[in-house]
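*Asks:* Just so we're aligned, residue 1 is where the sequence shown starts under full-length UniProt numbering, counting upward by one.
Quick caveat, the hints were computed from the structure, so don't treat them as lab data.
Pairs of lysine to any residue residues, derived as SDA-like cross-links and limited to a Cα-Cα distance of at most 25 Å, are as follows:
#: 1; residue 1: Lys-11; residue 2: Asn-31
#: 2; residue 1: Lys-109; residue 2: Ala-38
#: 3; residue 1: Lys-150; residue 2: Ser-18
#: 4; residue 1: Lys-120; residue 2: Gly-51
#: 5; residue 1: Lys-150; residue 2: Val-61
#: 6; residue 1: Lys-47; residue 2: Ala-105
#: 7; residue 1: Lys-150; residue 2: Gly-63
Label pairs and their calculated CB-CB ranges:
#: 8; residue 1: Arg-26; residue 2: Glu-124; range: 35 to 41 Å
#: 9; residue 1: Ala-154; residue 2: Arg-24; range: 27 to 33 Å
#: 10; residue 1: Arg-26; residue 2: Thr-59; range: 18 to 24 Å
#: 11; residue 1: Asp-129; residue 2: Asp-21; range: 26 to 32 Å
#: 12; residue 1: Ala-60; residue 2: Ala-90; range: 33 to 39 Å
We put the beta carbon where it would ideally sit given N, CA and C, even for glycine.
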Amino acid sequence: MTARRRYWLMKSEPDTFSIDDLERVRTEPWNGVRNYQARNYMRDGMKVGDGVLFYHSNTAVPGIVGLATIAAEAYPDPTQFDPKSDYYDAKSTREDPRWLLVDVAFERKLSRTIALDEIKARAEELGEDFALTRRGNRLSVLPVSAAQWKLLLAME
Numbered sequence: 001m002t003a004r005r006r007y008w009l010m011k012s013e014p015d016t017f018s019i020d021d022l023e024r025v026r027t028e029p030w031n032g033v034r035n036y037q038a039r040n041y042m043r044d045g046m047k048v049g050d051g052v053l054f055y056h057s058n059t060a061v062p063g064i065v066g067l068a069t070i071a072a073e074a075y076p077d078p079t080q081f082d083p084k085s086d087y088y089d090a091k092s093t094r095e096d097p098r099w100l101l102v103d104v105a106f107e108r109k110l111s112r113t114i115a116l117d118e119i120k121a122r123a124e125e126l127g128e129d130f131a132l133t134r135r136g137n138r139l140s141v142l143p144v145s146a147a148q149w150k151l152l153l154a155m156e
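With the hints as extra help, turn the sequences into a complete structure.
*Replies:* Encoded structure:
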């Protein structure tokens, strides 16, 4: 018996790392996550083969721009140990790392951006548990149900 495929939405600012960057490098460690809930999703929930909605945030038209796949399960984020990194954490040790990451592999760009405004317009269909449209949610890694995944991709 195989585990069911899970789905996620992962946000990135395109000026930092865009869907075009992921397409170019093909697979990338999703480093720099410094929120415990987002870390826990990566550590406890993400499995190789899970689907990812790649979301551009902090841009003129925020929205879903592509698809990716989890390519490696969680392992320690090396940036937490590098004093020169913006993501350095002096309290983290190699023996007891605080921060983890997963590798994400490019699948495809969407034919168009599914804008946040469009997603919000379908909030009722997506349900109360859809974290992206919930007030005050700023996590960079969010769970997505299979039904939400299908609805969002049908908007393409």
